[in-house]
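Take these sequences, add in the hints, and give me the full structure.
Number of protein chains: 2
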Amino acid sequence: MKFLLSILLFFTFCSLRAQKNSELTYTNAGKLTLVGKSEDSPRRYERIDSNKYSGLPARVAQLLTQAAGLAVSFKTNSPVIAARWCVSKSRANASMVPTAQKGVDLYIKNGNKWQFAGIGKVNGQCNDEILIQRMNDTEKECLLYLPLYDSVDQVEIGIAKGASLTGSPDPFKKKVLIYGSSIVQGTGASRPGMAYPARLTRATGINFINLGLSGSAKMEPEVADMVAAITADAYILDCVPNTNPELITERTAYLINTIRKKHPSAPIIVMQSLVRETGYWDKTLGGQVKKQNMNVQTEVLNLLQKGMKNLYFITSENMIGDDHDGTIDGTHPSDLGYDRMIKQIQPQIMEILSKHGIK
Amino acid sequence: MKFLLSILLFFTFCSLRAQKNSELTYTNAGKLTLVGKSEDSPRRYERIDSNKYSGLPARVAQLLTQAAGLAVSFKTNSPVIAARWCVSKSRANASMVPTAQKGVDLYIKNGNKWQFAGIGKVNGQCNDEILIQRMNDTEKECLLYLPLYDSVDQVEIGIAKGASLTGSPDPFKKKVLIYGSSIVQGTGASRPGMAYPARLTRATGINFINLGLSGSAKMEPEVADMVAAITADAYILDCVPNTNPELITERTAYLINTIRKKHPSAPIIVMQSLVRETGYWDKTLGGQVKKQNMNVQTEVLNLLQKGMKNLYFITSENMIGDDHDGTIDGTHPSDLGYDRMIKQIQPQIMEILSKHGIK
Numbered sequence: 001m002k003f004l005l006s007i008l009l010f011f012t013f014c015s016l017r018a019q020k021n022s023e024l025t026y027t028n029a030g031k032l033t034l035v036g037k038s039e040d041s042p043r044r045y046e047r048i049d050s051n052k053y054s055g056l057p058a059r060v061a062q063l064l065t066q067a068a069g070l071a072v073s074f075k076t077n078s079p080v081i082a083a084r085w086c087v088s089k090s091r092a093n094a095s096m097v098p099t100a101q102k103g104v105d106l107y108i109k110n111g112n113k114w115q116f117a118g119i120g121k122v123n124g125q126c127n128d129e130i131l132i133q134r135m136n137d138t139e140k141e142c143l144l145y146l147p148l149y150d151s152v153d154q155v156e157i158g159i160a161k162g163a164s165l166t167g168s169p170d171p172f173k174k175k176v177l178i179y180g181s182s183i184v185q186g187t188g189a190s191r192p193g194m195a196y197p198a199r200l201t202r203a204t205g206i207n208f209i210n211l212g213l214s215g216s217a218k219m220e221p222e223v224a225d226m227v228a229a230i231t232a233d234a235y236i237l238d239c240v241p242n243t244n245p246e247l248i249t250e251r252t253a254y255l256i257n258t259i260r261k262k263h264p265s266a267p268i269i270v271m272q273s274l275v276r277e278t279g280y281w282d283k284t285l286g287g288q289v290k291k292q293n294m295n296v297q298t299e300v301l302n303l304l305q306k307g308m309k310n311l312y313f314i315t316s317e318n319m320i321g322d323d324h325d326g327t328i329d330g331t332h333p334s335d336l337g338y339d340r341m342i343k344q345i346q347p348q349i350m351e352i353l354s355k356h357g358i359k
Numbered sequence: 001m002k003f004l005l006s007i008l009l010f011f012t013f014c015s016l017r018a019q020k021n022s023e024l025t026y027t028n029a030g031k032l033t034l035v036g037k038s039e040d041s042p043r044r045y046e047r048i049d050s051n052k053y054s055g056l057p058a059r060v061a062q063l064l065t066q067a068a069g070l071a072v073s074f075k076t077n078s079p080v081i082a083a084r085w086c087v088s089k090s091r092a093n094a095s096m097v098p099t100a101q102k103g104v105d106l107y108i109k110n111g112n113k114w115q116f117a118g119i120g121k122v123n124g125q126c127n128d129e130i131l132i133q134r135m136n137d138t139e140k141e142c143l144l145y146l147p148l149y150d151s152v153d154q155v156e157i158g159i160a161k162g163a164s165l166t167g168s169p170d171p172f173k174k175k176v177l178i179y180g181s182s183i184v185q186g187t188g189a190s191r192p193g194m195a196y197p198a199r200l201t202r203a204t205g206i207n208f209i210n211l212g213l214s215g216s217a218k219m220e221p222e223v224a225d226m227v228a229a230i231t232a233d234a235y236i237l238d239c240v241p242n243t244n245p246e247l248i249t250e251r252t253a254y255l256i257n258t259i260r261k262k263h264p265s266a267p268i269i270v271m272q273s274l275v276r277e278t279g280y281w282d283k284t285l286g287g288q289v290k291k292q293n294m295n296v297q298t299e300v301l302n303l304l305q306k307g308m309k310n311l312y313f314i315t316s317e318n319m320i321g322d323d324h325d326g327t328i329d330g331t332h333p334s335d336l337g338y339d340r341m342i343k344q345i346q347p348q349i350m351e352i353l354s355k356h357g358i359k
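Those sequence lines, one after another, are chains E and L.
Just so it is clear: in the first sequence, position 21 is 21 by our numbering, and no numbers are missing.
Just so it is clear: in the second sequence, position 83 is 83 by our numbering, and no numbers are missing.
Check the hints yourself; a few may be wrong.
Identical copies carry no separate label here, and so any pair may be met within one copy or between two of them.
[As the list claims (entries may be wrong)] Cut-off 25 Å, straight-line C-alpha distance, at most; resulting in silico cross-link-like pairs (SDA-like, lysine to any residue):
| hint | residue 1 | residue 2 |
| --- | --- | --- |
| 1 | Lys262 | Ile352 |
| 2 | Lys121 | Gly286 |
| 3 | Lys174 | Gln344 |
| 4 | Lys109 | Tyr280 |
| 5 | Lys343 | Asp322 |
| 6 | Lys121 | Asn93 |
| 7 | Lys290 | Arg134 |
| 8 | Lys174 | Asp49 |
| 9 | Lys283 | Ser73 |
| 10 | Lys359 | Asp323 |
| 11 | Lys291 | Gln133 |
| 12 | Lys261 | Gln297 |
| 13 | Lys283 | Gln297 |
| 14 | Lys218 | Ala229 |
| 15 | Lys290 | Asn302 |
| 16 | Lys113 | Leu285 |
| 17 | Lys343 | His324 |
| 18 | Lys75 | Ile159 |
| 19 | Lys218 | Ile230 |
| 20 | Lys121 | Arg91 |
| 21 | Lys75 | Asp323 |
| 22 | Lys290 | Leu247 |
| 23 | Lys121 | Ser88 |
| 24 | Lys75 | Arg276 |
| 25 | Lys89 | Asn127 |
| 26 | Lys121 | Lys283 |
| 27 | Lys109 | Thr284 |
Just so you know, these hints were derived from the structure itself, not from any lab.
Pasting the structure below:
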């Protein structure tokens, strides 16, 4: 009996393996809708074509090639969904879950809610992973999130032979650009779909575009010009963490004014930096972040006093809770910190957007 | 001015680097109190000496060498705290934050609460990292958590020259052993101190011992004998995920009876498995976990009907929330999932323990 069971298990195992390699049909995702991109560009899975904007810092240009916030939208009735994708040779990040850095995750619409279905772990440069299997065969609306911290190529969706796979329109409306740091890009998220712009998007139905530039959201004038050149319904600036108090004073007004010039009535929402938990003990670091937050507040107040309209400010008190356990490293929120942050900012953001008819 | 600033920054940078390598004094943590170990054993940073127990599966013996749940307790007035530690050559885990797998994190007592202070990232086999700096020079009570998923050696604490470093007694009372899967060991935690036994310990002041055996909590009779041989004030069994419905029926009673024989009145708390989020779509997997949970419940009810005292059961409904976003991969809770789980189980566990005078 035990022997028979072993044989059975062996064949079950083989058939699962075989399904992966030969029983699935793969479709190039280049034919399907790409969600979360701020504007068209020559390379499909880059966020922005850096050649279009002159004078960008090299690191910013490189970060724009990373697929943070991009997702493939499709419909299928396949009981199994797999993905193939290739990433670069860049090293593993010592602070990140590899799935968030270079892996993928899948969401499926359940009624009117997006619900997590499975991940694709990263094993090397090119990956081929079953994300979910043994589902029923009703048609499902799917979103495959691409890696947050790597450039991506050759994305394919795998389904059972004979099942249908069709393109699905972008399920989200409007466009709200979030320009910011690694906290936007998603360093502490456990998988691509858990970065905060992706969570806001699924929760609200509004496209929150991930323009997180890890360590490099420094509001350089060239970057400000690029942000302003992107057409969006609203702009969120969560870029306080990456500079210093002086640069914030020097650059904030230019960034906001440049966006305002191009988009006379779009709401611009400026966010303070969440407090660094290490800054509680390291008073120099803690003081620096406080000063950054004060300086950005001063800049926003100055612009408001000068009469700028539709400019909003979100403060950071208790943004990630009060137990000091919301980060992976003292700086970057974990899924827990993001959850607390979203509970704070989502109602504020939605109130502003809704006032402007963005809903 | 810019040039002067660059020079200044250069020297500041150099002095921070220099501080790390030459201005600190390192003390072997072998002299300091080790927290979270269930019993003494020859190798300091292993959890249990597997040679003491015959017939353990090889994988279990290997997992016992990993430092999950161990922490070094000390006091210092140093404004800077560093750590040196060595880990094995084992590969990076594709599902884990490297800091949780092979890194360290530091907590400091703030009033009557333990508060996160900093992490030590892993860079290679032997690491030397400043965890926090620029603190005031009052004496602080500290806990350095060791890697969750690796064997550890040569742990040293670094402080500023001239500062004091003294051993500190185990800050926690009593001993509650948690035998379980990777969910106990901490796969989805963002750093060692965020594994759920460590969080329960800091929150309650009671020593919750991490006997998480990733993928290998299969209640083998030899392992049951080992668990029962460990003296503790209470036993929590969170080992449903790693087997299958049949093995649960076959092995649960032996495990519980064996513990009960050695510890006639100690509370034994059996936990159901949290639901696998992928199991919502993959009905085979979902059904399997449900069956495992039903079978463990049947076993506990049988023992209760036979008159066993001080046996408790914690069900898993909504243990990690109802938005399906509490895991890193559909199985393992993230810091967010753990947070929700703790909110559910901590009051139940504490009510039981307190009834037995364990507080």
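Results of checking the hints against the structure:
Taking the shortest Cα distances, Lys262 and Ile352 sit within 25 Å of each other inside one copy (20 Å), while across copies they are farther apart (63 Å). In this assembly of identical chains, the alpha carbons of Lys121 and Gly286 lie at most 25 Å apart only when taken from different copies (21 Å versus 36 Å within one copy). For a Cα distance limit of 25 Å, the shortest separation of Lys174 from Gln344 inside one copy, 22 Å, qualifies, whereas the shortest one across copies, 38 Å, does not. Taking the shortest Cα distances, Lys109 and Tyr280 sit within 25 Å of each other only across copies (12 Å), while inside one copy they are farther apart (41 Å).
Taking the closest pair of Cα atoms, Lys343 and Asp322 come within 25 Å of each other both inside a single copy (14 Å) and across two copies (16 Å). Proximity of Lys121 and Asn93 under a CA criterion of 25 Å is satisfied in both settings, with 15 Å inside one chain copy and 10 Å between copies. Taking CA atoms no more than 25 Å apart as the test, Lys290 paired with Arg134 passes between copies only; the shortest distance there is 16 Å, against 51 Å inside one copy. Taking identical chains as interchangeable, the C-alpha atoms of Lys174 and Asp49 lie at most 25 Å apart only when both belong to the same chain, with a minimum of 21 Å there against 60 Å between chains.
In this assembly of identical chains, the alpha carbons of Lys283 and Ser73 lie at most 25 Å apart only when taken from different copies (24 Å versus 46 Å within one copy). For the identical chains of this complex, Lys359 and Asp323 are inter-copy neighbours only, at 22 Å across copies versus 34 Å inside a copy, given an alpha-carbon limit of 25 Å. Proximity of Lys291 and Gln133 under a CA criterion of 25 Å is satisfied inter-copy only: 19 Å between copies versus 51 Å inside one chain copy. Proximity of Lys261 and Gln297 under a CA criterion of 25 Å is satisfied intra-copy only: 21 Å inside one chain copy versus 65 Å between copies.
For the identical chains of this complex, Lys283 and Gln297 are intra-copy neighbours only, at 21 Å inside a copy versus 51 Å across copies, given an alpha-carbon limit of 25 Å. Taking the closest pair of Cα atoms, Lys218 and Ala229 come within 25 Å of each other only inside a single copy of the chain (17 Å); across copies the shortest separation is 58 Å, beyond that limit. For the homomeric pair Lys290 and Asn302, the shortest alpha-carbon distance inside one copy (18 Å) is at most 25 Å, but the shortest distance between copies (59 Å) is not. Only between protomers do Lys113 and Leu285 lie at most 25 Å apart by alpha-carbon distance; the minimum there is 22 Å, versus 40 Å within a single protomer.
In the homo-oligomer, the alpha carbons of Lys343 and His324 lie at most 25 Å apart both inside one protomer (16 Å) and across protomers (16 Å), since each shortest distance falls under that limit. For the homomeric pair Lys75 and Ile159, the shortest alpha-carbon distance inside one copy (11 Å) is at most 25 Å, but the shortest distance between copies (58 Å) is not. Taking the shortest alpha-carbon separations for Lys218 and Ile230, only the intra-copy value of 17 Å comes in at or below 25 Å, while the best inter-copy value is 55 Å. Taking identical chains as interchangeable, the C-alpha atoms of Lys121 and Arg91 lie at most 25 Å apart whether they share a chain (15 Å) or sit on different chains (15 Å).
Taking the shortest alpha-carbon separations for Lys75 and Asp323, only the inter-copy value of 22 Å comes in at or below 25 Å, while the best intra-copy value is 42 Å. For a Cα distance limit of 25 Å, the shortest separation of Lys290 from Leu247 inside one copy, 14 Å, qualifies, whereas the shortest one across copies, 56 Å, does not. Taking identical chains as interchangeable, the C-alpha atoms of Lys121 and Ser88 lie at most 25 Å apart whether they share a chain (15 Å) or sit on different chains (23 Å). Within a single copy, Lys75 and Arg276 get their C-alpha atoms only as close as 41 Å, which misses the 25 Å cut-off; across copies the closest is 24 Å, which meets it.
Proximity of Lys89 to Asn127 under the C-alpha cut-off of 25 Å is found in both arrangements, the shortest distances being 13 Å within a copy and 24 Å between copies. Taking the shortest alpha-carbon separations for Lys121 and Lys283, only the inter-copy value of 21 Å comes in at or below 25 Å, while the best intra-copy value is 39 Å. In this assembly of identical chains, Lys109 and Thr284 lie within 25 Å of each other by CA distance solely across copies; the values are 20 Å between and 46 Å within a copy.
The earlier numbered hints are all upheld by this structure, with none contradicted.
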